[in-house]
Every structure is written in C-alpha cells, then in structure tokens.
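Chemist: The residues making up each chain are set out below.
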Amino acid sequence: MRSLYKLTMVLVVLSMVLAACTTPTAAPTAAPKATDVPAAKATEAPKPTEAPKPTEAPKPTEVPVVEVANPPATPEQVDAISLEGKKIEVTFWHNRSEKDQAFLQGMLDEFNASNPYGITAKAEIGGASYNDLYTKVSAAIQAGQPPSMSLAYQNQAAFYRGQGAVIDLNPFIKSSKYGFTEEDLKDYFPAFLASDANPQYKGEILGFPTQRSMDVMYYNVDWLNALGYTEPPKDWATFEEIVCKAAKETDKYGWAFRHDASNFASMVFSNGGRIIAEDGSAYVFNSDAGVAAATTVKNVFANKCAVEIPTSEKYGEQTRFGNGQVLFVFASSSGLLYYKDAVEKGANFKWSIAMLPNSGKPAVNLYGASISVYKTTPEQELAAWLVIKFLGEKEQTSRWAIQTGYLPVRASAKEAVITSEKWGPVAEAYAQMFDWAQYAMVEAPVAGYDPVRSIIDTDVMSKIVADPTLDPKTLLDAAVAAANAVLAENAPK
Amino acid sequence: MTAVSPGSLYQTPKKFGLSIRTWRQIKEALFGYALLAPAIILLLVFEFYPLFFGMYISMCEWKLTCVKFIGLANYAKAFSDPAMWHSLLITATYSVISVPVQLGLGLVLAYLLFQKVRGLAIFRMMFFMPYITTTVASAAVWAYLFNPTSGLINEAMSVIGLPGLKWLGETKGIFAMLAGTVGLPLPAWAAGPSLALISLIIYTTWVFVGYDIVIFLGGLGNIPGELYDAAKVDGAEGWQLFRYITLPLLSPTTFFLLIITVIGTFKAFNHIYIMTMGGPGDATTTSSIYIFNQLVVYGRYSYSAALSFVVFIVILALTIIQNKVAGSRVVYD
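These protein sequence lines are chains C and E, in that order.
Sequential numbering from 395 applies to the first sequence in my numbering.
Sequential numbering from 889 applies to the second sequence in my numbering.
Rather than coming from a laboratory, the hints here were simulated on the basis of the structure.
Be a bit skeptical, because a hint or two may be false.
[Said to hold, decoys possible] One side only, chain E facing chain C, incomplete, derived with CB under 10 Å:
no. : residue
1   : ALA1028
2   : ALA1031
3   : PRO1036
4   : THR1164
5   : PRO1168
6   : VAL1185
7   : ARG1217
We treat Cβ as the ideally placed atom computed from N, Cα and C, and that holds for glycine.
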C-alpha cells in the first residue's frame, strides 16, 4: 500500500512537472462560453436576477462628438461648450457715466453671484461717447486685445465684423441649452431685434439689444402755446413756420441744429425716405426725401430762425433748451432725464416730446447700441452671451431703462418702466414711445457708415448751414457718390 | 655671439594675443557701448521698430494683419488725393501765419521783460502759464470764449458796439469778411484763411508765446553786456543796438525756435481736435486731423500710415530747407 502510495505521489509530481513544462496555448480551446454558464437548469436553482448576458450588454449611449469651431457656427456647437469649472472672466466696455457704471456693475455682481458657471463679469467705461468707445475698440482689435463684449452701433459692429473681430450671435440665440425659448423671443420688441440683423453679412446678428432709444422732438410746451399753437407741428411746413415765429425774440431760436448725421437721417425718414437701400446695396439719401430734409435746414438758416450748436459745445442744445433759448431740439430719447434736469435747473417750464413732423407717414429713427461679442475663445464667447442674456431679462432691462432713460427691450417690461415715478412730468410722453416703435427705421447698419455720417455732416449739412444759398440736391448727389465709394470699400470680401 | 635687439629685450606685454594698449582700447570701447546699450535698445524698440512697422503697414492692405502687400499704392493714392493736398494747404497756412506771429510776439515780449521791469517774475510766470496748462482744458475754455452766442469775446465786442462773429464756426475767409464790411466782394482765391483757422492761431499764439519768451530770455541773457557798452561808446542806441547786436546774437535761439515751431505747427492736433474737430466743413482740417480721421473714422489703417510718412517727409524737407537757408545766417560767436 505504502509503495502504491509512493508510486501514486511520484506520478502526480511527475505529471505536475510535465504540465509545467508544456508550452502554454494562446487561448484555452475549450473554455466554456459565458453564455453556457448558467447550467443550473436541471437543478432548477433560481436564476440569477436577470443578469444581462455579457454579449448582449447595451453599448454606452453614443454621444456624437461635436467639434466646436471658433466662433461656434451652429447651435449644436454652442450646446457642446462646457463652462464647468472654467471660471471665465468677461469684460464689458460701455460708454455710460460713472453713476451708470456703478449701477451696471451692481447688476453684473448679481449675475456673478447667481450664475452656475462661475462666470465673473466686469463692466468698464471704454469712453465718454460712442465715438470714443469705437476708437478704443478699434485700437484694441488692432492690438489683438479686444474686450469680451462691448456696446457698438450696428454699423460699427459690421466694421468690426469685416476684420473678423465680432461674432455672429445666431448660434447662441438658437442654442437649446443656452439660447432663448420661443416665448422669450416673442417678448422682445420685433423692431428692436430686427435692427441687429446685418444685411451685408447675410443676416448675421452682430449684436444683441439690451437697450434702445429713438430720435424725438423735445419742445417747450409753454412757449409753443404762447406762440398760439396747441400741439407740436405735424408737418414740415408748420415746423418751419413755428421755428421762425419763435426766432423773432432776441437771442432766441426756433430750432437748435446739432452736427449729427442722425438728425438728418430722422428728417429723411419722416419725409418718407431712407439713408441706405433696404438690402444695404447703395446709399439713397439724395432722394426727394433727402432734398426735402436738407431744404428745411436751408430755409430755417436762410431766415436766421435756427441756431447752430458748435461741435465744441457739448450738449449745447440741451443747455439752451433748458434755459428756454430754443423751442425745438431733435435728440435721442435716452437724454430724457438729462433734459428733465436741464429744464428743472434752467427756466423750469412745461415741456414734452413728440415724433418729428412728417410728410404723411410717421417714422422714427431707432437708436441704440447693442452688445457685440468679440472673437476670443468659444468659452468666453458663450460666457459673454450669457451676460447679454441676463442683461436682457425683464428684471434687468426694466431697471436699466429706469436708471438711464432708455427703452426696455421686452414688452413685458413696459408696465414696470412706465409706472416708474422717475419720469415725473414726462411720464406720459415716455409711455408714448412704445407706440412709436412700430414706425421704427434704422439708419445704415453697414460697415463704413461712420465716415458716411461724417460726409453727411461735413459735405452737406455744414455747408448748407454756412451758406444757405447752396443747392441741396447738388450737395447730396456728391455726398451719395462719396458714400457709395466708402460702402464699396467696406463691402465684405 | 648672437646679437640681441632692444625690441626683443623690451617686448610689449600681450593679452589674448593683443597688446595691452589695444586690449585697453577695446575694453574702453566695450564699456562705452555697454553704457550706450540701454538707450540704444530703447531707441530700437520704441522708436525705430514702430517707425519701420508703420512703414510696413503703409505698404499693406491691413486688416489686423497684412492681408496683401501693395507696395507704394497708398503713397500714389495720397498724391492724387485732393483732400490730402487741401489738409496740407491748411497746415501750411496755419504754420505760415502762426510761426512769425508767435516768434515775433515772443521776441518783443521777451525783450520787454528783459528790461528792468517791476514784477518781472510775475510777468514771466503769467506768460508761461498757458504753456504748462493742459491743452485739452485750455482749448475747451477757449472754445467757450469763442462761442458765438454765449462766448465772452462776442459779449465784449457787443459792449463796444461790434457785431458778434462765428469764430470757430466761420468758414469765410478773413479778407473776404473784411472786404465785405465795406461792400467789396472778393473772389474765392483772395478770401484768405477762414476765421475758424485764425481763431485757432490766436489760441496757439496764446499758448506758445510763453515758451518762446522763456527761450528768448535765455538767449538774451547770453549776450555779453560789454558789446552793448562798446556799441554805446560808438554812438549806437535803441533800434541800432537791437538790430546790430541783439538780433544777430540771438539768431541761434531764433533758429532753434523756428525749427521746433514749424515742426510743432505741422504736428498740431490736440487743440484743433478739441476746438473744431477739423470743422466747420474742412476749414480747419489740418494734415494731423486728416490722418486721424482716415484712421479712426474711415478705418483706413494703411492709408493713414502712408499719410503719416508723407507728412514726415514734408517736415523733414522743411527742416532741411530751413537749415540750408537760415542755418548759414546764424551767428554762433
């Protein structure tokens, strides 16, 4: 038995040694398949709790990888941007006063505290005027250091776009993750939204409105009544008549002429014309409407009924209006609170605003810079967009309108704004502007409109004011030719 | 026996194969260059690099970067641009009027202040103050003074029964305006510089005459008193002293002021921008304002760079001409 035991042990050890010495095969040939494992059928043991067979395991959901371009070209690309943990900092350049800067930063601080992405937005004054801001942004673009976002007029945004510096906001607006709902978009005043679609760049949205204003006629109600009129002039002939009646008093004038092409544009609109063709293909302000507008200026200066405000006299028309020295001023509605202040500190009379006289078809020149986003990184562009979205919300646009005198951009904000006590005696007039918005016209949202504004002022208006014997049509034709050359120079290539 | 030459006995000691003397000269030169290096680096980085980069931009179609090299096309465009020539004409007019007025007035006032006048220090300070006042602030104040409806100048004129003028807003030439007062019409070419430009020259004179006075006073102080004494012994007095002693010996100072004033008038920008922005119309659009407008309003980066070089060449040519014409008449001893 003992020898059998020994023999068995020797055989076992020998077989183990031989097994260890064999070359291992690539794969166990007879390895049982996993599917064959549950062989407990016979025993009727409870099945494992429906464990999925490894071969039938569901594949992980295939998330299509979206490559995000810079700037994002589609809403899907915007959706694919992740801001988690990136702590993006956004700089917003504007041209408002110190007081408004503090107010704006206050709103942005709320955004900084509440946004779930850790975005920090900072407002900075980029200049005292839109021109200053334009100069600074242009220089910053050349230096390769644009802000994340800034206020810019539509034509300025188009100019920046020509340099590849400003991005199209369409993909952000339409983004399902970060964009607007249909309801949101319906809440925006259509004319305000439409003003940012650029005809030169196939409808690209180069800015988004968070404020708007319009060119209105400020008038001295008491003085107008004293002249025998119960309402502001509705047509241009009556306007000329009243202006010249008002100028009969020594050192007083019926109208204050500002060196601002927007005043001319407003007059062209209310004479039934346009500054540029609807498709942005050519300047057309030498039309009959343009001639009529220039002729009005010519007539009131030929009769010495209007006063020219020198370019060096900043806000001179406002001061003179407040002092009761001019009857009418055409200016932006965003100056409403400043005019209120000027009148209260000045001659303290009853005043109001109205639409400019017209030739049968009312029209208002819609003003207001939008916020443009500059090409930086997709993350920063998205963060800037989220700041714009925040500033456009009902709450913010209402507060901003009450603070600054601008119009809110959402219909739902109207009630909150017009009931503000801040408007005082002009509350009714302010509320009217919401009705005038339906007559909105936009000057020329094309690159190179700034030099054209300069041409209008230098080559047409200044010349007529200096020498009312000049022929408006001749001046306008020459100006349009020069303007069209600028348009061609700045056309997208 | 081998002869030993004195040279081999007293061989010049050497370092790195160079004589100690040469080595010392190299060391001194290197030290000199090392001292010069910071200034040279600053010049290269902040003067020459921007200069050559500006020249490069002027030869490009520029949109953030050089989109296309266009060579001298912008320069050709500048020479056929009537607005550029007009701006140069305005600048030249501004210079031709304001330089003699400034220097003449500066010299007269300096000569008066050089006499034994009571309160001399106060007068000197009064005249110099406009020069050290911020241009933007003083230009804004002068724009207010020139205001046609509420400005103090027109107020003062009305007190003495004169009609108010449009000053900075007037495009009419001053000769035409003067002739108009007696009902004499003048052709356009004889109308003269606009009143707006003359108003700017009045401001410029107010600002820079103080600087000219200070420099002239320095020059007057350097004229030896013995020369006047000797001239007086010879019977010279008053105008003769001024004509034959003061003026010739002041010529280096006058020449220096002439050069920098002409350059200054061609570069003038700040006060023109504040007071008129080149207007009314283009009545005060000097070349600086024109270049600025081409850059900022029109966004023509490369063209404005080319215009800058055109003006640079004009200034350089004027300086060389002044050196040739006036430099030889300067009395340095």
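Chemist: Hint by hint, note whether the structure agrees.
Modeler: A quick look at each hint next to the structure:
Given hint, ALA1028/E at the interface with chain C, holds; its Cβ is 7 Å from that chain's nearest Cβ, closer than 10 Å. For ALA1031/E, the interface hint holds, the least distance from its beta-carbon to any beta-carbon of chain C being 3 Å, beneath 10 Å. Hint status for PRO1036/E: holds, given a least beta-carbon distance of 7 Å to chain C, under 10 Å. Of the supplied interface hints, the one on THR1164/E holds, with its beta-carbon coming within about 7 Å of a beta-carbon of chain C, less than 10 Å.
The interface hint given for PRO1168/E is met, as the beta carbon of that residue sits about 5 Å from the closest beta carbon of chain C, less than 10 Å. The criterion of a C-beta within 10 Å of any C-beta in chain C is met by VAL1185/E, whose closest approach is roughly 5 Å, and the hint holds. Evaluation of the ARG1217/E hint against chain C yields a violated restraint, the C-beta minimum of about 41 Å exceeding 10 Å.
The structure fails hint 7 only (numbered hints given earlier).
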